[in-house]
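There are 2 protein chains.
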Amino acid sequence: MFSLSEENYLKAIFHLERSFPTGVSTNALAEEMNTKASSVTDMVKRLSEKKLVNYKKYQGVKLSKLGRDTAVEVIRKHRLWEVFLVEKLNFAWDEVHEVAEQLEHIKSEKLISELDKFLGFPKKDPHGDPIPDAKGNMVIANKILLSELQVGESGICVGVKDSSTEFLQYLDKNDIALGKTISILEKESFDQSMLIKLNGKELKISSLISSNLYIKTS
Amino acid sequence: MFSLSEENYLKAIFHLERSFPTGVSTNALAEEMNTKASSVTDMVKRLSEKKLVNYKKYQGVKLSKLGRDTAVEVIRKHRLWEVFLVEKLNFAWDEVHEVAEQLEHIKSEKLISELDKFLGFPKKDPHGDPIPDAKGNMVIANKILLSELQVGESGICVGVKDSSTEFLQYLDKNDIALGKTISILEKESFDQSMLIKLNGKELKISSLISSNLYIKTS
DNA sequence: ATCAATTTTTAGACTAATCTAAATTTTAAT
DNA sequence: ATTAAAATTTAGATTAGTCTAAAAATTGAT
Numbered sequence: 016m017f018s019l020s021e022e023n024y025l026k027a028i029f030h031l032e033r034s035f036p037t038g039v040s041t042n043a044l045a046e047e048m049n050t051k052a053s054s055v056t057d058m059v060k061r062l063s064e065k066k067l068v069n070y071k072k073y074q075g076v077k078l079s080k081l082g083r084d085t086a087v088e089v090i091r092k093h094r095l096w097e098v099f100l101v102e103k104l105n106f107a108w109d110e111v112h113e114v115a116e117q118l119e120h121i122k123s124e125k126l127i128s129e130l131d132k133f134l135g136f137p138k139k140d141p142h143g144d145p146i147p148d149a150k151g152n153m154v155i156a157n158k159i160l161l162s163e164l165q166v167g168e169s170g171i172c173v174g175v176k177d178s179s180t181e182f183l184q185y186l187d188k189n190d191i192a193l194g195k196t197i198s199i200l201e202k203e204s205f206d207q208s209m210l211i212k213l214n215g216k217e218l219k220i221s222s223l224i225s226s227n228l229y230i231k232t233s
Numbered sequence: 016m017f018s019l020s021e022e023n024y025l026k027a028i029f030h031l032e033r034s035f036p037t038g039v040s041t042n043a044l045a046e047e048m049n050t051k052a053s054s055v056t057d058m059v060k061r062l063s064e065k066k067l068v069n070y071k072k073y074q075g076v077k078l079s080k081l082g083r084d085t086a087v088e089v090i091r092k093h094r095l096w097e098v099f100l101v102e103k104l105n106f107a108w109d110e111v112h113e114v115a116e117q118l119e120h121i122k123s124e125k126l127i128s129e130l131d132k133f134l135g136f137p138k139k140d141p142h143g144d145p146i147p148d149a150k151g152n153m154v155i156a157n158k159i160l161l162s163e164l165q166v167g168e169s170g171i172c173v174g175v176k177d178s179s180t181e182f183l184q185y186l187d188k189n190d191i192a193l194g195k196t197i198s199i200l201e202k203e204s205f206d207q208s209m210l211i212k213l214n215g216k217e218l219k220i221s222s223l224i225s226s227n228l229y230i231k232t233s
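Heads up: the protein sequence lines correspond to chains V and G, in order. Residues 16 to 233 (the numbering used here) make up the first sequence, in order. Residues 16 to 233 (the numbering used here) make up the second sequence, in order.
Since the hints were made in silico from the structure, they are not lab data. Yeah, the Cβ is synthetic: ideal placement off N, Cα and C, and Gly gets one too. Don't take each hint at face value.
Simulated crosslink set (BS3-like; lysine-lysine; CA at most 27 Å straight-line) [claimed, not checked]:
id : chain 1 : residue 1 : chain 2 : residue 2
1  : G       : Lys-71    : V       : Lys-122
2  : G       : Lys-138   : V       : Lys-125
3  : G       : Lys-80    : V       : Lys-125
4  : G       : Lys-51    : V       : Lys-122
5  : G       : Lys-132   : V       : Lys-122
6  : V       : Lys-132   : G       : Lys-51
7  : V       : Lys-139   : G       : Lys-103
8  : V       : Lys-103   : G       : Lys-125
9  : V       : Lys-188   : G       : Lys-125
10 : G       : Lys-65    : V       : Lys-125
11 : V       : Lys-138   : G       : Lys-139
12 : G       : Lys-139   : V       : Lys-103
13 : G       : Lys-51    : V       : Lys-125
14 : V       : Lys-122   : G       : Lys-125
15 : V       : Lys-125   : G       : Lys-72
16 : V       : Lys-132   : G       : Lys-125
17 : V       : Lys-122   : G       : Lys-139
18 : V       : Lys-51    : G       : Lys-132
19 : V       : Lys-188   : G       : Lys-139
Estimated spans, in silico, between C-beta atoms of each pair [to be verified]:
id : chain 1 : residue 1 : chain 2 : residue 2 : range
20 : V       : Lys-176   : G       : Lys-195   : 34 to 40 Å
21 : V       : Ile-171   : G       : Lys-125   : 28 to 34 Å
22 : V       : Arg-61    : G       : Lys-122   : 23 to 29 Å
23 : G       : Lys-122   : V       : Lys-72    : 19 to 25 Å
24 : V       : Ile-171   : G       : Arg-33    : 57 to 63 Å
25 : G       : Ala-149   : V       : Lys-195   : 45 to 51 Å
26 : V       : Asp-190   : G       : Arg-33    : 51 to 57 Å
27 : V       : Asn-189   : G       : Met-16    : 33 to 39 Å
28 : G       : Asn-152   : V       : Ser-233   : 40 to 46 Å
Sample of chain G residues with no beta-carbon within 12 Å of chain V, all distances over it, derived [stated by the list, open to error]:
id : residue
29 : Asn-105
30 : Val-111
31 : Glu-116
32 : Lys-122
33 : Asp-144
34 : Ala-149
35 : Lys-188
36 : Lys-202
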């Protein structure tokens, strides 16, 4: 069993490894964890002693098999709880993160396997992110950012990259939700803003929006 | 917001105050918390600085209004989660305690109010203990121990005093459950063991059993 | 009322997780 | 190849919560 803090570091390293596959730097991890680089160095040493990460001074960290499995298990719990909060307890998708951050650290195998069953073994969380199964396997989504689509193309909204309250509330306000079809009508080459068609209406969105919305491809 | 450890101390003091209404001693609290008296003294000083308890050296502690309200809120959360685990996630009544001990510390008002609603505002937990409402009010049960009944009397089982796994599994094995009617057929004055009628059958139980089962009176 | 037993508190130390400030190493520009 | 800037690590301190061992206060039996 690992501490709450250790689990949070593992999760952060897991997420950062997608952007930094050769190793996550101390500063990147410090930023992600809202802490100081020196604190990160301390923790990374402890994680290394516990065989959760591979670490060599000045060279960043990578998760070990054990570290990755642990991180995936925490992510599984986080996303299952998010589904529970939205489907059963009437939470909006921008309200779940903070509570799921707490619930993800509850230790009980039975709790999670029964929760999974109770929810009908969901494959995606409310933001469209895949939920790992009990063995840690998760579906890799065929998705690209809306900003990568060309004029004339269209697709279905399947996820968000940024899941901040502000962004999610912007989406709610403009009736952009997972499952909706979006077509690109125009693209402004100067600032990459787009005119899209959604719900039968036209909507102008900035590149900050289009570069945080995932669209199904395959 | 209080720490996990502080909340656990408040809960322990709350429970011990029933047996020691004039003040909970350091040693009693140390035993309840499975810790050392010196650790208790330290913690009690911190709780006192935070106005959660009234404490004078060598005289034990009592909860303040704030301390009692906090303890009751934690107990409310614990018991609601127990109901959730049993009713929704197929936990047996002897399996819920450990997990509820973790879940009771999750901080989110909305989570608890929605969970309460989702469960249909239950008044009792799976062991028959009353669940405080959002304002901290809880039903005081009219109940006595089975051991206090006389030969010829009968009543309905409404709760357990001991909720250890061992005791609960003993009850399961003998088909003793909340809501069942029990009649006293004989009482052995030597060891206080009883012959009871339950489910149309006769059963011999020791005083250890009868002094841990609550029976409805009113 | 004394004094031994018990209870409680204090003193000092430890661990996990964090911090600031200083030192060291790496990097990248010239 | 130097060297200044940036990144990283080390050193030393801090806090919450715990511990052991010793000191102090209370209790209770005579």
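We went through each hint and held it up to the structure:
no.: 1; hint: G:Lys-71 x V:Lys-122; in the structure: 38 Å, violated
no.: 2; hint: G:Lys-138 x V:Lys-125; in the structure: 25 Å, holds
no.: 3; hint: G:Lys-80 x V:Lys-125; in the structure: 37 Å, violated
no.: 4; hint: G:Lys-51 x V:Lys-122; in the structure: 26 Å, holds
no.: 5; hint: G:Lys-132 x V:Lys-122; in the structure: 25 Å, holds
no.: 6; hint: V:Lys-132 x G:Lys-51; in the structure: 42 Å, violated
no.: 7; hint: V:Lys-139 x G:Lys-103; in the structure: 21 Å, holds
no.: 8; hint: V:Lys-103 x G:Lys-125; in the structure: 13 Å, holds
no.: 9; hint: V:Lys-188 x G:Lys-125; in the structure: 22 Å, holds
no.: 10; hint: G:Lys-65 x V:Lys-125; in the structure: 37 Å, violated
no.: 11; hint: V:Lys-138 x G:Lys-139; in the structure: 35 Å, violated
no.: 12; hint: G:Lys-139 x V:Lys-103; in the structure: 21 Å, holds
no.: 13; hint: G:Lys-51 x V:Lys-125; in the structure: 32 Å, violated
no.: 14; hint: V:Lys-122 x G:Lys-125; in the structure: 22 Å, holds
no.: 15; hint: V:Lys-125 x G:Lys-72; in the structure: 44 Å, violated
no.: 16; hint: V:Lys-132 x G:Lys-125; in the structure: 24 Å, holds
no.: 17; hint: V:Lys-122 x G:Lys-139; in the structure: 25 Å, holds
no.: 18; hint: V:Lys-51 x G:Lys-132; in the structure: 42 Å, violated
no.: 19; hint: V:Lys-188 x G:Lys-139; in the structure: 41 Å, violated
no.: 20; hint: V:Lys-176 x G:Lys-195: 34 to 40 Å; in the structure: 56 Å, violated
no.: 21; hint: V:Ile-171 x G:Lys-125: 28 to 34 Å; in the structure: 31 Å, holds
no.: 22; hint: V:Arg-61 x G:Lys-122: 23 to 29 Å; in the structure: 26 Å, holds
no.: 23; hint: G:Lys-122 x V:Lys-72: 19 to 25 Å; in the structure: 38 Å, violated
no.: 24; hint: V:Ile-171 x G:Arg-33: 57 to 63 Å; in the structure: 59 Å, holds
no.: 25; hint: G:Ala-149 x V:Lys-195: 45 to 51 Å; in the structure: 37 Å, violated
no.: 26; hint: V:Asp-190 x G:Arg-33: 51 to 57 Å; in the structure: 55 Å, holds
no.: 27; hint: V:Asn-189 x G:Met-16: 33 to 39 Å; in the structure: 35 Å, holds
no.: 28; hint: G:Asn-152 x V:Ser-233: 40 to 46 Å; in the structure: 56 Å, violated
no.: 29; hint: Asn-105; in the structure: 6 Å, violated
no.: 30; hint: Val-111; in the structure: 10 Å, violated
no.: 31; hint: Glu-116; in the structure: 10 Å, violated
no.: 32; hint: Lys-122; in the structure: 7 Å, violated
no.: 33; hint: Asp-144; in the structure: 21 Å, holds
no.: 34; hint: Ala-149; in the structure: 15 Å, holds
no.: 35; hint: Lys-188; in the structure: 21 Å, holds
no.: 36; hint: Lys-202; in the structure: 40 Å, holds
Violation of the numbered hints given earlier is confined to hints 1, 3, 6, 10, 11, 13, 15, 18, 19, 20, 23, 25, 28, 29, 30, 31, 32; the remaining hints are satisfied by the structure.
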